[in-house]
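Two chains, two frames, a set of hints: combine them into the complex.
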Amino acid sequence: MSKKILAVASIGGHWIQLLRIARPMEEHYEMVFVSTHPKCATMVEGQKFCLTTDFSRSDAWKLIPSFFKAIKTIRKEKPDAIITTGAAPGLIYLVVGKLLGRKTIWIDSIANAEHLSASGRMASKFASRIYTQWKDLATGEIQYAGNVFGNTK
Amino acid sequence: MIFVTIGTQLPFDRLIKIIDELAPQLHEEVIAQVYQCGFTPKNIKAIDFLAPDEFNTLFDKARLIVSHAGMGTILSALQKDKPIIVFPRIAALGEHRNEHQLATARKIKEMGAVNVAMNEEEITSMLLNGNQITFQHIGNRASPSLIQSIEDFIDRP
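Going line by line, the protein sequences match chains A and B.
Here this note's numbering is used: the first residue of the first sequence is 1, the next is one more, and so on.
Here this note's numbering is used: the first residue of the second sequence is 1, the next is one more, and so on.
In short, the hints are calculated from the structure, not lab data.
Treat the numbers as computed from the prediction; the structure is a model and nothing was measured.
Treat each hint with caution, since some may be false.
Capping the alpha-carbon separation at 25 Å, the derived lysine to aspartate or glutamate pairs in DMTMM-like fashion look like this [stated by the list, open to error]:
#1 B/80 / B/28
#2 A/4 / A/27
#3 B/61 / A/27
#4 A/103 / B/21
#5 A/4 / B/151
#6 A/125 / A/54
#7 A/39 / B/60
#8 A/48 / B/152
#9 A/98 / B/155
#10 A/3 / A/30
#11 B/80 / A/26
#12 B/109 / B/99
#13 A/3 / A/45
#14 B/109 / B/95
#15 A/103 / B/13
#16 B/45 / B/29
#17 A/125 / B/152
#18 B/82 / B/28
#19 A/103 / B/95
#20 A/3 / B/99
#21 A/3 / A/26
#22 A/3 / B/28
#23 B/42 / B/81
#24 B/61 / B/13
#25 A/98 / B/29
#26 A/3 / B/152
#27 A/76 / B/121
Label-pair ranges, simulated between beta-carbon atoms [stated by the list, open to error]:
#28 B/129 / A/136: 31 to 37 Å
#29 A/78 / B/28: 51 to 57 Å
#30 B/129 / A/48: 29 to 35 Å
#31 A/76 / B/24: 54 to 60 Å
#32 A/64 / B/48: 29 to 35 Å
#33 A/76 / B/39: 22 to 28 Å
#34 A/121 / B/139: 36 to 42 Å
#35 A/114 / B/131: 54 to 60 Å
#36 A/45 / B/17: 37 to 43 Å
#37 A/61 / B/36: 37 to 43 Å
#38 A/76 / B/99: 38 to 44 Å
#39 B/21 / A/139: 44 to 50 Å
Think of the CB as a built atom: it goes at the ideal place given N, C-alpha and C, for glycine as much as any other residue.
Chain B with its partners taken away, still in its complex shape (with noise of 0.2 Å):
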C-alpha cells in the first residue's frame, strides 16, 4: 500500500491529482490523507480527516510513504525505515505561504537522506520505476555533537 499525506493545514491538489491519474499503473492500493480537496479522485482511496492513531497505523502498514515536504513526516518515515518520496508544495502556485518547502527540498535531497521529486515527471518516474527509491536509517537522535553542545552550554556556570 501506498500511503499519500499532504499534513493538515493547506490543500494540496497538484499532488493528489498526479497520485490519483498514474494509480491504474501502479497495481498497487493506494490511501491519501487529503485536506479540503477541490475535486474527488477516483482511482484512489482519499480520507478527509485521519485521528492520529488511524494516521499512525496507516503508515505503519504503507511500504511506501509519498508526502509534502514536511519534517514531522519525513523524519518520521526514516525513524521507521519507510522509504518515502518528498514532493514539495510551490508556494508560487498558492500551495503554502512561503517557499520554505522548495528550499527545504532542495537541500535535503542534496543531503541524500530522502528520495525528493521536483515536478510531475520525477514523482512518475520514481513511482513507475521504483528501483529508484532508496532509504536510510536515521536511528532516533539527532547530531550528537548537537546534543553534546546544548549540553556543554547547560553546564557551564
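Chain A extracted, bound-state conformation (with noise of 0.2 Å):
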C-alpha cells in the first residue's frame, strides 16, 4: 500500500508553489490537499482536498481554530508525512503534526531568497527537514535540493 501525504498551503503563491511539488508525488503516494480557500480545489480535481482556516500575524487568533481543525484532519487521515510551502496555517500543521509523531517537511517559499521565512525559522523547531530554494541560503540542517522553478539553471 502506497503511503499517504498530506500536502498543506495557503492560497496563493504558497499554494502554487505546493502543486509543483505535490502533483508530481500523486504517482508514488496517496495525496491529500489542504488549503484555505474551496477554489483551490478546483485545481487538485480528483484528488482529495480538505478546507483549513486561514489567517497571518494580524489576526493570530485564528490559530486556534486552525490548530484544532489540524488535529481533526492528521487524527482522520493518518498521514505518514506532512508537506508543507506555508505560510502560518502550513506551519501549525507541521507543529501538530510533529506532536502526533508524524514526518514533517518544510519547504520555505522561493520568495524569501535572503534569508529563511519567519516561519521558516519557527518550522525549523518542528519540522524533520527542512529545505530553501536558494542554494546560498543551505546549511547543514537546512537543505538545498531545486527549486520550484525546475528546469531553469
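As C-alpha cells, this is what we get:
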C-alpha cells in the first residue's frame, strides 16, 4: 500500500508552489491536499481536498481553530508525512504533525531569497526536514535540492 | 491586451501610475487589477476586485502580464507560457512590509527566468521596446532533484 502524504499551503503563491512539488508525488503516494480557499479544490481535481482556516500575524487568534482543525484532519487521515510550503496555516499543520509523531517537511517559499521566512525559522524547530529554494541559504540543517521553477539554470 | 496585477493585499500606486502615464504610447488595451488605488487612472481600465475566475479569464486573454514580484503570478505566467514583466514593491516606499520582493526580484533576474524591471526607466523601456521581452517555458513541476529528495526522505524507515 502506498504511503499517504498531507500537502498543505495557503491560497496564492504558497499553493502554486506546493502544487509544483506535490502533484508529481501523486505518481508514488496517496495525496491529501489542504488549503485555505474552496476554489483551490478545482486545481487538484480527482484528489482528496480539505479546507482549513486562513490567518496571518494580524489575526493570530485564528490559529486556535486552525490548530484544532489540524488535529482533526491529521487524526482522521493518518498521513505518513506532512509537507508544506507555508505560510502560517502550514506551520500549524507541521507543529501538530510533529506532536502526533508524523514526518514533517517544510519547504520555504522561493520568495525568501535572502533569509529563511519567519515561519520557516519557527518551522525549523519542529520539522523533521527543512528545505530552502536558494543554494546560498543552505546550511547543515537547511537543505537545498532544487526549486519550484524546475528546469531553469 | 496587457494585464497588470498587483495582488490583493496592498496598494501599489507607483506601478499603476507609471502604466497609466505610458498607456497612450502603447497602442494596446491595458486592464489593471488594482487595490485601494489612491488616484483614478485615466488611460487604463482599472478594476478593484476580480473574482478568481474573472482574474483567470483576463490573465489567459492577455498578451503580456505586468506584475508585482508575487510568486503565484510569476509561476502562473511561466506555466502558461505568458511573457511577464516583474516590477518589485519597495518596502522603503511603503509598498510592502519588508524588502523580500526586491531581493527575490534581483535573484530571479539573475536566474534569467523572467523579465525584471527595477525602476520606471527600465519598465518604460521594456514596454516601449517589446523586443526586449523574453519568456521561458518551465513545464508544470519543480526540480526533479527536489521532488526526489523529498520522496527519499519520506520513504526512509
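So, going through the hints one by one against the coordinates:
1. B/80 / B/28: Roughly 21 Å separates the two Cα atoms, so the pair holds.
2. A/4 / A/27: Answer holds: residue 4 of chain A to residue 27 of chain A is near 12 Å, not above 25 Å.
3. B/61 / A/27: 32 Å, violated
4. A/103 / B/21: Violated, at roughly 53 Å.
5. A/4 / B/151: Holds: residue 4 of chain A and residue 151 of chain B sit about 12 Å apart, inside 25 Å.
6. A/125 / A/54: Status holds; Cα separation ~22 Å.
7. A/39 / B/60: Judged against 25 Å, a Cα distance of about 18 Å means the pair holds.
8. A/48 / B/152: 23 Å, holds
9. A/98 / B/155: Roughly 17 Å separates the two Cα atoms, so the pair holds.
10. A/3 / A/30: 6 Å, holds
11. B/80 / A/26: 22 Å, holds
12. B/109 / B/99: Satisfied, since the Cα-Cα distance of roughly 16 Å is no more than 25 Å.
13. A/3 / A/45: 20 Å, holds
14. B/109 / B/95: It holds: about 20 Å lies between the C-alpha atoms, which stays within 25 Å.
15. A/103 / B/13: 44 Å, violated
16. B/45 / B/29: Cα-Cα ~8 Å, so holds.
17. A/125 / B/152: Holds - the C-alpha atoms of residue 152 of chain B and residue 125 of chain A are around 21 Å apart, at most 25 Å.
18. B/82 / B/28: 17 Å, holds
19. A/103 / B/95: Cα-Cα ~38 Å, so violated.
20. A/3 / B/99: 40 Å, violated
21. A/3 / A/26: 10 Å, holds
22. A/3 / B/28: With Cα atoms ~52 Å apart, residue 3 of chain A and residue 28 of chain B exceed 25 Å; violated.
23. B/42 / B/81: The given pair, whose Cα atoms are some 30 Å apart, is violated under the 25 Å limit.
24. B/61 / B/13: Roughly 24 Å separates the two Cα atoms, so the pair holds.
25. A/98 / B/29: 51 Å, violated
26. A/3 / B/152: 12 Å, holds
27. A/76 / B/121: 55 Å, violated
28. B/129 / A/136: 31 to 37 Å: About 33 Å separates the Cβ atoms of residue 129 of chain B and residue 136 of chain A, which means 31 to 37 Å holds.
29. A/78 / B/28: 51 to 57 Å: Given a distance of about 54 Å, which is inside 51 to 57 Å, the answer is holds.
30. B/129 / A/48: 29 to 35 Å: Roughly 48 Å apart at Cβ, these two residues miss the hinted range, so it is violated.
31. A/76 / B/24: 54 to 60 Å: 58 Å, holds
32. A/64 / B/48: 29 to 35 Å: Given range 29 to 35 Å: holds, Cβ gap about 32 Å.
33. A/76 / B/39: 22 to 28 Å: With a Cβ separation near 50 Å, residue 76 of chain A and residue 39 of chain B fall outside 22 to 28 Å, so the hint is violated.
34. A/121 / B/139: 36 to 42 Å: 31 Å, violated
35. A/114 / B/131: 54 to 60 Å: The hint (54 to 60 Å, Cβ to Cβ) is violated, given that residue 114 of chain A and residue 131 of chain B are roughly 32 Å apart.
36. A/45 / B/17: 37 to 43 Å: At 40 Å between Cβs, range holds.
37. A/61 / B/36: 37 to 43 Å: 25 Å Cβ-Cβ, so the 37 to 43 Å window is violated.
38. A/76 / B/99: 38 to 44 Å: Holds: the Cβ-Cβ distance is about 41 Å, inside 38 to 44 Å.
39. B/21 / A/139: 44 to 50 Å: Between residue 21 of chain B and residue 139 of chain A, where Cβ atoms are some 46 Å apart, the hint holds.
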